[in-house]
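K.L.:
Protein chains in written order, with UniProt numbering: chain Z, 1 to 600; chain L, 1 to 683.
No lab work stands behind these hints: they were computed from the structure. Check before you lean on any hint, since a few could be wrong.
Claimed, not checked - SDA-like cross-link-like pairs, simulated, lysine to any residue; straight-line CA separation at most 25 Å:
(1) L:LYS566 - L:ARG576
(2) Z:LYS582 - L:ASP370
(3) L:LYS588 - Z:LEU599
(4) L:LYS341 - L:GLU3
(5) L:LYS380 - Z:LEU599
(6) L:LYS614 - Z:LEU599
Claimed, not checked - If you want the footprint, here are the derived chain L segments under chain Z, 3+ residues with CB under 8 Å:
(7) 164-172
(8) 367-380
(9) 633-644
As the list claims (entries may be wrong) - Pair by pair, the computed Cβ-Cβ distance ranges are:
(10) Z:ILE573 - L:ILE424: 52 to 60 Å
(11) Z:PHE504 - L:VAL317: 52 to 60 Å
(12) Z:ILE573 - L:ARG93: 34 to 42 Å
(13) Z:ASN581 - L:LYS426: 36 to 44 Å
(14) Z:ASN581 - L:LYS328: 21 to 29 Å
(15) Z:ASN581 - L:ARG93: 49 to 57 Å
(16) L:SER267 - Z:LEU534: 55 to 63 Å
(17) Z:PHE504 - L:GLU575: 57 to 65 Å
(18) Z:GLN527 - L:GLN645: 47 to 55 Å
(19) Z:PHE504 - L:GLN645: 26 to 34 Å
(20) L:ASN643 - Z:LEU534: 58 to 66 Å
(21) L:MET621 - Z:ILE573: 56 to 64 Å
(22) L:PRO154 - Z:ILE573: 34 to 42 Å
C-beta: ideal position from N, C-alpha, C; glycine also.
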Amino acid sequence: MAALYEGYTLCGLVPAQTLPNSGIQGVETERDSDHVIVTDSTRSVTLYKVSDQKPLSSWTVKQGQTLTCSAVYSSQSKEFVAVSDSKVSADVWRVHCVPEGEPVVLFQRGAVRLLDSLLSAPQQPIEEVLAQEEAIRWSTNILAESKQFVIFTTEQKGDHFLYLQRLNPNTLQRYRLEREEPGLSPLSFSASYRDNHIRLLYLYPNGHVYQSVVSMRGLGADEGAQALPLPRNLLLGLPVGEGLLEAASALVLDEAHVAVVGVPHPSAGAGKDFLCIWNTNFQTLQAGKEMAGKIYGQLWGYSNKLFIPHGKTLSVIPYECPKSSLAAALGKLKQAKTEGELTQIWSTATTQAATSLTIDQVLEVTKMAPVEEVQKEVEGLLSRADIQDLQASLGQLASTLVSRSLADPAFYTPSTLAQLVHTQSLCHSVCPDLVLLALEKKDYFLCQLCLQFFPDIPEAVTCACLKLHRNEVLRTPYSDTFLLPHLKDLSSQQVVLFLQYLQFLYLKYSQDASTQMHGLRSPSLTQIMDWVCLLLDAHFTVLVMTPEAKGLLLNLHCFVKSQVRLVSELGKIEGSLQELNKMKVKKDVGQYSIEVIELF
Amino acid sequence: MGEFKVHRVRFFDYMPSAIRAMAFNSRTERLAVARADGALEIFNFADHYFQEKVIPGQDGRAVEALCWVGQRLFSAGLNGEITEYDLENMRPRYTVEAYGGPIWTISSNSQGTLLAVGCEDGTVKMFELLDERIRFQRNLERQKGRIISLSWHPSGTLIAAGMMDMIRIFDAETGHATHRLLVERGAGASKSKEVVVWSIAFLSDHTIVSGDSAGKVQIWDGLTGTLVKTHLVTKWDVLALAVSQDESSLVAGTSEGTVVQFQFIASTVDQQDKEWVRTRTFKNHSHDVRALAHTETAVVSGGMDTQLVVRPLLDKVEKNTQESALRKIAFPHRSLVCCAKKAGLLLFQFPDHLELWRVGESDGLGKPGDSLPVKRNPEKLIQLKRKGEDHICCSALSPCGGWLAYSTVSAVRLYRIQYNNISITKVSKLPKDLRSAHQLCFSSDSSKLFASSSHSSVVIVSLNQLECKHLHTLKPRSGSRQPVHLLFASEDGKWLAAANADCEIHVYNLHKLKLHCTVPVHSSCPTAIAIHPVTSNLVVVHADQQIFEYSLMQKEYTEWSRKLQKQGLHSLWLERDTPVTHISYSPKNPAHIFLHDMFMFCIIDQSLPLPEAKTMLYNQMTLRSLPEPERIRHSHAFKICKNFQHLLCVSLLEDHSLVVVERPLLDIMSQLPAPVRQKKFAT
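Here chain Z stands alone, though its shape is the one from the complex:
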């Protein structure tokens, strides 16, 4: 369960009384996560040591000048970079810098330059990337696969676009965001990179949080200004209370958690001055905190700390987001061991390992060696007697394998992974990418194994599997409430097909119960029926409108009717059988009795 801890004030704010903003342009990390630079909306930049809650140093630009974007720290040159009055050679939108990366300058018309190249030739022409009336609304940069990306969104006549600018070599990709309700523009954006995909999360004033995923593969191959449609899916429908959201922001924390500020707490009235952490897999509110004073819709997060300006202060709120699983979401998972403990257990395990390679060595092998050798070594490890003691390290081994497989498309060890899954010491939380890896590699066998052995697969992943293949998924544990929204993502054709298959399964099993006995891995009748119910719940209105589904629905209707009748008949039989039972009890006479009878 994610948690928000007691926060503390980093600094006070001097908001302009008339302006709706907080007076803070940005919060950026400095040398490490404990140091941040805060740029205010006027002239000053201050360096803070967060844990000490105290400013280390501060700069101010000259009177009459203003800082037009938040200052960044370049770890390469150990310099701070700030822009005053928007000007270099053209109007600057922002300067971005990732740790270990070069500062990048994004111009207001969409051009991107590395700071170095700009400084070496200050007068170089800056091209115009954006169209007329197109303006940048938000930007960030990201280091993905050791390439630096500048990501920014623009607005043009109510349409929103996403630009992915890769540097060295430079490529630019433009996407068009799907329109929300007319007149609604995203309130905030947040981007993250995970599993070869850039994920863009954006919040609309109606409380909808969408996610769009852009694969890094094939990026740049299709270069051009043509805007590709960017598919999105609804991650969260946040409660908005009365009216629309005005100053709110959503920030990705990890694959399953989003921090949201400026949105009402679902169980605390209409006030919008809350900071909440939501689980996107299960759509559950994980933690919430009321922030005193006005909320400006600004939020930054660096290494388990959220920075939020509210009222007259900038607060730091530490948080924690453990791995997401259904069990955890329902509060059923025993608190997973922290990384530190894992390592500890793991190191004790290694000291015990006397024969063959120690787990350390195996881990080393996994990182570097060719496929065959890895297979051999892992097999050797698994054949050891003390395998039960190695549970923790097996998880590490698996995640190492998975991450290597993800990083190196040529490296894939299905049999080894299958063996690891078979040990039943893994679960989804230990190596969350395993199922997705299997799906990506179209390794259905491994998928099936995972579905069979993992107790804690998130519903989102289950749905992803569902789209691909059919019986094992039906047997995985799930919870209606959390599965339902994901099921809604299936298209109506998929639903009809799936329903038909379920009906086929049901008829097959109900006609011949023995087949079910033999195929031990087939889902039970109740499981099938539950899925039918779920699907109908999720898509009933759609299905009613779909002409192809009519016959199917009628069939199911007849079927349900006959079942209801059968059950009621069975009920009657039960009643009369019970009567029989009672009669029998009454008749029971012993070996001998003396009775009185009367004859008339």
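Chain Z is already provided as a structure; the job is to place chain L on it using the hints.
P.N.:
Here is chain L on its own, set in the frame of chain Z:
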């Protein structure tokens, strides 16, 4: 009518023995039934299926097959012996060792001159039938493997033998095997098991029908030795076959308890050629059907579940008549319980032992329908094992409880019982005339023992502490050779009534020790007799359910009896299918006669009007619901109570309480071995 205290007794663990074989004599309409304990029973199909004779079994006698030759009855069994029975004295007449190991089957030719037995050693042995004996004639060509079943061709020239995996046809004159018919084994796992031809029938058109352990009924052409048709009728064994006299119908009994009928008819309407077509399946048994008989109108079957079932064929009988009703004979048609009225004791007769019980006691009174608290539990006083290997055929307890007697075919044994410190002493010296008895009875003052002996005679033995003396032997004037199966001594000690299988009832004057009168002979056999303690009227109930009351004083039927005969008994009374086996009187009310069959007991109140044809016979429920003054108008003479079933005995004790001995058929069923497994719905 009033209230009765009823001792409801269920501790008589009577267990009938399984039916092993049967043979029907169509000329005399007698069915002989052999049971697993070696007992033999004769049912008279002409007289309401009455069980007129029972020959008790013997340890070690296992009857496997029965055969009538005219009026003579033969049995053969796994003890390797052939036995002829003396049906007048109800004992084996003689036994002949066949010297071929266990005998599986016995069959006579239609001429009644030869008897063939099939032996374990593979021989078919022929015996010549002489007037008094049988004599070994010769062996037919010896085969490898036992001979399980035999059937003569009606011409008497050929004989078919069912064996393991095959059927052999022998020429009866030369003794050589002429054909070998191979019988296919069962499919699957039973392929490796030899198939047993359990039963075989040789028809006059040379068709051979066989039933085997693979569940097949097969039709063969006996002339060419070829298989004509196979009917798979069960997954288990076909154990018995029976063919109707006119060879138009045959039945097969299976281990599943079914009887399958085949009829020789044209399979399609316009076809001339007839063939054996499977037509009906009857399921009246829970266990193996081991024995079958095909009478002109019915299929008779019996087996492991011990019940004899008469299933009328509805195309041969008029519908909705008594003849068309299914009949199940579960209990013997005679009493196995003797009640000492004065002492409140019960004597239960088993084939190999006797049990003497004292009924319990309760104090206080209760409302009708109540169960009274039992103050003293019933108590088994004595369990007496019989001596010798012959089974007990009859037993009696004196009314005072002081004397106990039983008889086997070879000996009568008399015991003196003391109750103050329970002890039983055998009376060692019995008169020579008292060798064997078909029925035993004590006088009401326990001073005399009456024993029915050969040729309907009755031996009287006087009893006292010092000695037992032969007083007299009563002989009827009719010269009947049939055994007496019912004896009744009057309360006042003056009269003794004896009924025999010729339907005669002789009444003797015990004071004068001579025949007093013979009751006019009714066509049906008496099933129960009793003399009224006050009026000395003799009441007789017959197998046809008729009731007569005969005045011993006037030597004529009483007024009541005439009225009853004139008006006729109620149709529902006549439709009952179990005989009345016991009659007793109430010392309180001389107008009351108590009698019972297997399903009810009845108090006839002679003071009340007889039920007319239209009135309800079973009217107790109606009367109960009526207000007191109304009851009089609706009540009639027959008070029938069906609260207790299935009854082995109902008797009135001296204290006016009733003793009801029940043996529910379910209890008997529950003690049977498990039947063959059958696939039932949802199992």
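K.L.:
Taking the hints in turn, state whether each one holds.
P.N.:
Here is what the structure says about each hint:
{"no.": "1", "hint": "L:LYS566 - L:ARG576", "in the structure": "20 Å, holds"}
{"no.": "2", "hint": "Z:LYS582 - L:ASP370", "in the structure": "19 Å, holds"}
{"no.": "3", "hint": "L:LYS588 - Z:LEU599", "in the structure": "15 Å, holds"}
{"no.": "4", "hint": "L:LYS341 - L:GLU3", "in the structure": "19 Å, holds"}
{"no.": "5", "hint": "L:LYS380 - Z:LEU599", "in the structure": "30 Å, violated"}
{"no.": "6", "hint": "L:LYS614 - Z:LEU599", "in the structure": "21 Å, holds"}
{"no.": "7", "hint": "164-172", "in the structure": "violated (count 0)"}
{"no.": "8", "hint": "367-380", "in the structure": "holds (count 9)"}
{"no.": "9", "hint": "633-644", "in the structure": "holds (count 4)"}
{"no.": "10", "hint": "Z:ILE573 - L:ILE424: 52 to 60 Å", "in the structure": "56 Å, holds"}
{"no.": "11", "hint": "Z:PHE504 - L:VAL317: 52 to 60 Å", "in the structure": "56 Å, holds"}
{"no.": "12", "hint": "Z:ILE573 - L:ARG93: 34 to 42 Å", "in the structure": "59 Å, violated"}
{"no.": "13", "hint": "Z:ASN581 - L:LYS426: 36 to 44 Å", "in the structure": "52 Å, violated"}
{"no.": "14", "hint": "Z:ASN581 - L:LYS328: 21 to 29 Å", "in the structure": "27 Å, holds"}
{"no.": "15", "hint": "Z:ASN581 - L:ARG93: 49 to 57 Å", "in the structure": "55 Å, holds"}
{"no.": "16", "hint": "L:SER267 - Z:LEU534: 55 to 63 Å", "in the structure": "58 Å, holds"}
{"no.": "17", "hint": "Z:PHE504 - L:GLU575: 57 to 65 Å", "in the structure": "59 Å, holds"}
{"no.": "18", "hint": "Z:GLN527 - L:GLN645: 47 to 55 Å", "in the structure": "52 Å, holds"}
{"no.": "19", "hint": "Z:PHE504 - L:GLN645: 26 to 34 Å", "in the structure": "55 Å, violated"}
{"no.": "20", "hint": "L:ASN643 - Z:LEU534: 58 to 66 Å", "in the structure": "59 Å, holds"}
{"no.": "21", "hint": "L:MET621 - Z:ILE573: 56 to 64 Å", "in the structure": "29 Å, violated"}
{"no.": "22", "hint": "L:PRO154 - Z:ILE573: 34 to 42 Å", "in the structure": "55 Å, violated"}
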